[in-house]
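Enquirer: If you want the building blocks of each chain, they are given just below.
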Amino acid sequence: MDWILDFYNYRVVGQYLPEFARGLGSTAWISLLALGISLSVGTIGAIMRMSANPVLWRIAAGYVQAIRSTPLLIQIYLIYFTFPALPLLDRRLDELEGGIIALGLNAGAYMSEIIRAGIESISRGQVEGAQSVGMTYLQRMRHVVLPQAFARVAPPLLGQTAVLIKDSSLVSFIGVFELFGAGLVVLNERLMPNEGFLTVAVCYLVIYTVMLSVTKFAQRRLGGATG
Amino acid sequence: MTNETPIVVVKDICKTFNIPGRPPVHALRNVSNHVAKGEVLVVIGPSGSGKSTFLRALNGLETIDSGSIVIDGVELTAAKANLNLLRQGVGMVFQHFNLFQHKTALENLTMPQTVVLKRSQSEADEIGRRLLDRVGIGDKDDSYPSELSGGQQQRVAIARSLAMNPKVMLFDEATSALDPETVGGVLDLMKELATEGTTMVVVTHEMGFAREAADRVTFMDGGEIIEEGTPDTVFDDPRHERTRSFLSQII
Ligand SMILES: Nc1ncnc2c1ncn2[C@@H]1O[C@H](COP(=O)(O)OP(=O)(O)O)[C@@H](O)[C@H]1O
Ligand SMILES: [Mg+2]
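Protein chains in written order, with our numbering: chain A, 26 to 252; chain B, 412 to 662.
Hints were generated in silico from the structure; no laboratory data involved. Any given hint might turn out to be false.
Pair ranges (Cβ atoms, derived) [unchecked claim]:
#	chain 1	residue 1	chain 2	residue 2	range
1	A	F242	B	D553	11 to 21 Å
2	B	R545	A	A226	56 to 66 Å
3	A	V239	B	I661	49 to 59 Å
Virtual Cβ for every residue (Gly too), placed ideally from N, Cα, C.
Using the sequences and the accompanying hints, generate a full structural model.
Expert: In structure tokens, the structure reads:
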């Protein structure tokens, strides 16, 4: 059984457990916060995109195009280095804030297209049912349209979330310590890429599995019997 | 039925649908009508005659081009009318129910109460359960619309409207999408509401219901009101040729 230790020395992995735990926690946190931003931005973006007001829908459409057509790594650099240079904030963003915002804004563009498809799939009758009992636009959105829309597009939203979680490794380029960074430590200190990156890959898989069950739960909560 | 000011007053309303590349459709041409408190007005007419457009105009689901609609003293067609507030007082029952698919039968009744009327959850629950009992499906409170038959869904939809304490209830072919064996039960429920003094405007092809429940029958064709009167006069002694030919086709 020596070949196993050669291929993947779990004792070494055991020594680096604190690093992996810290990396896993960091990646989970970054992803969770970026996911929150992306769902908010995505919902607002989707509603703006469907607005009859040309200013609103053009802003939303332009935003999606801009995000789609540029690399995420450039977006992260822009948010972290360039945006704070504008006289909007009275302080710099730290690397964690910059990374989370960039990831959230990036995923938000893709989420908004998915959420828009979800909203458009809700039948006119659902809206008219809500109108007929006197619900306002916001009440209809909040209680009738969005819950059903989210339940319906939960699978593609989960797929986009998986992309977001994997993409979060890119914030290591601006100096954020996360899972990928933990793998790098093992590579650099021990020259052991397998122990570093196989472990990292398994951690990503674990996060994804957790997300999968959270999604199924949310889908049932939002969609009732139809979800 | 009474001499008070009518709940619904419709004056000279017109509606034209313009679809680019097609001739305009005059769905309503100078339609006037009124519904008194406790009155049941049944609107009949061939398909495409403007019945749905008329009904939908009454709660602002369809905007009209000219004329005026006043519901319980409030002008729906005024520029600054609060449509959402107005719709609280105008219940609507649709051909395809339009129940909230992601809510159980009981939640379909309670959610609008808590969200729109700001009733407490417990009060809304109590009212909701009482009304589900009232429409004969008290045991289905936990079922989702997709788990109910058409007739049961329409009962939930009627109860959802009633929970808002509407001043007037609108029914747009409420039994047209139902299986034949469930039509009778829903019509009976509507008759009961009528006898209890609910103010109703009912679009239907069920002439038996019209004869029994209506205080007044309006016959529409081509976006116009052709003839109007008590069920007996309209059905047994129609003055207009178009009414006669419509009735001969349908009965
Ligand atoms: N949203 C719409 N767009 C275009 N035409 C419409 C629309 N709604 C109704 N119409 C037209 O208006 C006329 C009246 O329709 P409707 O009121 O639905 O008739 P009814 O309910 O009596 O069958 C019909 O010719 C119909 O095709
Ligand atoms: Mg119709």
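Enquirer: Holds or violated: 11 to 21 Å for the Cβ distance of F242 (chain A) and D553 (chain B)?
Expert: holds (19 Å)
Enquirer: Is the gap between the beta carbons of R545 (chain B) and A226 (chain A) within 56 to 66 Å?
Expert: holds (60 Å)
Enquirer: For V239 (chain A) and I661 (chain B), compare the CB-CB distance with the range 49 to 59 Å and indicate the outcome.
Expert: Between V239 (chain A) and I661 (chain B), where Cβ atoms are some 55 Å apart, the hint holds.
When held up to the earlier numbered hints, the structure conflicts with none and fits them all.
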